[in-house]
Amino acid sequence: MRTDTTKKTTHPVLIFWIIAGWVGFCLLPWYMVEDGLWSFGWLLDGYPFDTDYAPAAFLIAKGEKLWLAPLLIALALPLLALGRRKSDPVYARVLILAGALGFGWLIAQGFGIGLRGFAYDWLNALFGELGDRQFGMGYGAMICASAFLFLLTQGIAARGAINGDVFVVGAIGGIITIVTAFVFFPIAKMLFAAFITEDGAYSIAVFFAKFFDNRLWGLGCLWGARCGAAWNSLFLAIAVAFLTTLLGLAFALVVTRSGFRYKRALRALTVLPIITPPFVIGLALILLFGLSGSVTQFVSDLFGVQPTRWLYGMPGVLIAQTLAFTPIAFLVLIGVVEGVSPSMEEAAQTLRANKWQTFRTVSLPLMRPGLANAFLLGFIESMADFGNPLVLGGNFDVLSTEIFFAIVGAQYDQGRAAVLAMVLLFFTLSAFYAQRAWLGKKSYTTVTGKGDAGVHPLMPNGLAIPVIGVAFGWALFTIIVYAMILYGSVVELWGVDNSLTLKHYVTAFAIGMNEHGIHWAGSAWDSFWTTIMIAAIAAPLTAAVGLIAAYLLTRQSFAGKDAFEFGTMLSFAIPGTVIGVSYILAFNVPPIEITGTGVILVISFVFRNMPVGVRAGIASMSQLDRSLDESSLTLGANSWQTFRRVILPLLRPAILAALVYSFVRAMTAISAVIFLVSAEYDMATSYIIGRVENNDYGLAIAYSTTLIFVMLAAVGLLQLLVGRVKIGRRTQHATEKAQ
Amino acid sequence: MKKLTATFAGSLIALSASVSASYADKLTFYCSAQEEWCQLMARSFEEATGIDVNMTRKSSGETFAQLRAEEANPKGDVWWGGTGDPHLQAAEEGLTEEYLSPMRDQLHDWAISQAESAGNRTIGIYSGALGYGYNTDLLAANDLPEPACWKDLLKPEYKGHVQMANPNSSGTAYTTLASMVQIFGEDEGFEFMKGLHKNINQYTKSGSAPIKAAGRGETTIGIVFMHDAVAQAVAGFPVKVVAPCEGTGYEIGSMSIVKGARNMDEAKQFYDWALSVEAQNLALEVNAFQVPSNTGAQTSDKAPDMSTIKLIDYDFKTYGSSDERKRLLQKWDEEVSTLPQ
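Protein chains in written order, with my numbering: chain A, 13 to 751; chain B, 22 to 362.
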């Protein structure tokens, strides 16, 4: 950067964005192309003169959509900055003015003029009826918007913000913009419903009436009746977060610090629940422990006790969620447990601490960021989980199912759904702040780039035995549940007719040959390919956005950082149902009109799963010493090069976690997806739900089993692509030993 | 605006048609029946007319929520299937379009009265009676008598054996509540619900969940629409269907055209076709055991024989209105659901 300011030549990034802005305005179709983002039929179909496909410049030349004309000024202004020095105050001023003007006007006209002319009555009153209309933004508008945004951030950087670092300011601006557009905006639109009365007026009383509802806050369970959904959710989430963190830590310790022989198998096993489509674990648990379940029957025959419905309610949901979310805790913790530097532990031992003291006073405290993040994720996941309470909840109401049925149930009360969503959000945010308070401002840095050789000491024996015992027991339980699932997919009718058959697989995935070559005859292929495609597009985007956000949060300081962190967590803390409905409300009308496309699915996955990338990134990055960045910067690298060459390679575990998690979640998510799928973009999970509703358990489970194997393969492939995790020199010893 | 959309859509279609002659008309079809039935309807309509059908299957509650969210910019054209209440609500909120089909004279009276109670914004396509089913294995294992009437379910020996959906979340359960009020009168109807409450082991969220639980042996008795219970029995589960002796209420599965549909002509074409004998006979191929609304269409021989079921004169206009619904649900919430079990 310093070299750039001394030279007279203009920064290439500036030239790039100026050109991009002009290309977006003069060459690309301004409005959304009806047939979808990836169809290029418009090139042959009247482009560039047809109004539907015309670039903005052609529209203005024809005298249409004249409200786009002021953008020309904003596009022309930055040309004044060309050839100027970065330190020249005019350079910064021109860019800030042009960027802010262009971006602001673009947004204002997008919201102000919609499908029916002016979108607000006061605009009509002010200017009269418009007599024209516009559709959602297309390539041209999107590229123009990005150009304005990054011109603005370059201007701000030139004024000296964040040491004039163009990359960091641009990244902050970009992430704030997309989080605002795809998280804050739709959720605000949805939560607004809490204050709207039945006849459409605004009222705060409505909110309070719905908020102080006995079904929400009742404490009846203390004296035998039922508790409100809010308390149920809270108790459940705390229990699940506690259990998953404990189990995740046990697994992480067994894998990194024990002589246990089947570590790899154990590692693969912990990934299983996370790649399991919803409802499947619940169904398997019912067939094992339900009123007519095999374990229940066996126990009742053995001891002559009457079978009960104990599974339905808190116990069942607790078991299912612990089974499902332990892997998330494990994924977060493994990076942190591996990252704790052996040098520190060796130092402790040199000072004559015994194994137990070393573990308790050095290793464990250094794992605190991991423990806190795992707890937070478990808590939030449990709060937002929808499938398990639906199948196993019984009369145990939780917020997420209440929200779903407030929207789609017999009452159609969107206001109540919004109020419940606020309560849920309040809980998750409190957990978020509690976590931050617990971590405090201590340093958890262990990877310093200095002397870092050595091997992790084994766990003290007193700890190793119970930890291995717990991990082994839980692993065995997981195996039984999955054996049940596999078995369920190859029997005629699960639980009733147990003759073996492959017919469910044939119905779903038959492949035939005809004159055109391979013919995908099975009924599941359509949704299968769509799901793979959407997940494959969403995963790298999610990881990228998440890690850049994590980098900004741990390495940079800027105004509004807390609000920024809060924004990145928000979409995760809200149940998918709310996200689904809010996305329809927000993105079915211009300026961003993407319902019914594959894009809305990709975007919803990116922003729903990004928080895991952020958390994993933060946990790993808080272990990397800043001196690493500093030495890179001192040696003349800029912040982008530092990020790419120094931090990114050290972040491989976090990258892998983010990639795996987002790919898998995109394939198994259900609650948001229900509202966002369309005829052309049907997802595997919504197909599976349809089958379960229709009693086709065999088909649903066969499909789920196939997805599980596909995802296992994908996870393995990702691991190969991202490469073996190597942090510090010590892992060489470790891997050599292991091989 | 609606006109503008239509002309815009029309010109767009004309434009693309002029570019490539093979480009067909299309229809976006929201379907709230079971997956296979939806697929079959979509495919058969494509074959009958050459119109491309984009089908999305969602439950009626989900579709209704989606129609509301899409109100400013409707994406769907026609909504077929699912219980009648959400269709009536959509009509009440003006989300659907008024249409008088030339096929109306071929329909049963109940289908027409459904249309008339909604200002012709919806129409009946099938009906199904309320009842319950029980798991024969579990009934025998617990030495329970075979129930035959609604009042049988109040007997103390069924304690913890009966399952029904929560009326707050399920249209099926709301129909049950409204039927009891109409069969026994409001006071006695609520007494019945209170008695039933003592025997209920779980209020499920979704309407058909109780009979699925009964099929898997997770509850003995499930209160549902009888065609759902028949579907369980046909799928191979040990379920027996009961038409209660006091008489029972019923639902009318409905169809509506989305207001501001982009393909209005195709939507109407589908609407007329869906009321025809050949379209309604498709139900026989996909294990749908409802009674079709066209008088000439056949009913599956496995379906409950409607002539032996005592159907009450269900007042859809009163009990489908949101005011009456709110009142009954609130009363149920306060007087029934809070009682100890």
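No lab work stands behind these hints, which were simulated from the structure alone. Given the structure is predicted, the values throughout are model-derived calculations rather than measurements. Hints should not be assumed to be uniformly reliable.
[What the hints assert, rightly or not] Label pairs and their in silico Cβ distance ranges:
| no. | chain 1 | residue 1 | chain 2 | residue 2 | range |
| --- | --- | --- | --- | --- | --- |
| 1 | B | E345 | A | G186 | 22 to 30 Å |
| 2 | B | A69 | A | A217 | 48 to 56 Å |
| 3 | A | A217 | B | E114 | 48 to 56 Å |
| 4 | A | F220 | B | E68 | 36 to 44 Å |
| 5 | A | K573 | B | A93 | 34 to 42 Å |
| 6 | B | D286 | A | I27 | 35 to 43 Å |
[To be verified] Residues of chain B placed beyond 10 Å of chain A at every Cβ, according to the derived structure:
| no. | residue |
| --- | --- |
| 7 | F85 |
| 8 | R89 |
| 9 | E91 |
[To be verified] One-sided and incomplete, this derived list gives chain B residues near chain A with beta-carbon spacing under 8 Å:
| no. | residue |
| --- | --- |
| 10 | T49 |
| 11 | E56 |
| 12 | E57 |
| 13 | G82 |
| 14 | Q87 |
| 15 | K96 |
| 16 | Q127 |
| 17 | W131 |
| 18 | N189 |
| 19 | H218 |
| 20 | N220 |
| 21 | A256 |
| 22 | D336 |
Cβ atoms here follow ideal geometry from the backbone N, Cα and C, with glycine treated the same way.
Evaluation of the provided hints:
1. E345(B) x G186(A): 22 to 30 Å: This hint is violated: roughly 53 Å between Cβ atoms.
2. A69(B) x A217(A): 48 to 56 Å: holds (54 Å)
3. A217(A) x E114(B): 48 to 56 Å: Once the Cβ atoms are compared, 23 Å apart, the range 48 to 56 Å for E114(B) and A217(A) is violated.
4. F220(A) x E68(B): 36 to 44 Å: violated (56 Å)
5. K573(A) x A93(B): 34 to 42 Å: Since the Cβ atoms of K573(A) and A93(B) sit about 36 Å apart, the hinted range of 34 to 42 Å holds.
6. D286(B) x I27(A): 35 to 43 Å: violated (52 Å)
7. F85: violated (7 Å)
8. R89: violated (8 Å)
9. E91: violated (5 Å)
10. T49: holds (7 Å)
11. E56: holds (4 Å)
12. E57: holds (7 Å)
13. G82: Holds. Min distance 3 Å.
14. Q87: holds (6 Å)
15. K96: holds (5 Å)
16. Q127: Result: violated, 29 Å to nearest chain A Cβ.
17. W131: Violated - the Cβ of W131(B) stays beyond 8 Å from chain A, reaching only about 21 Å at its closest.
18. N189: holds (6 Å)
19. H218: Nearest chain A Cβ about 11 Å off; hint violated.
20. N220: At 13 Å from the nearest chain A Cβ, N220(B) fails the 8 Å test, so the hint is violated.
21. A256: Cβ of A256(B) sits 5 Å from chain A, so the hint holds.
22. D336: At about 17 Å, which exceeds the 8 Å cut-off, the nearest Cβ of chain A leaves the hint on D336(B) violated.
In the structure shown, a violation is registered for the earlier hints numbered 1, 3, 4, 6, 7, 8, 9, 16, 17, 19, 20 and 22, in ascending order.
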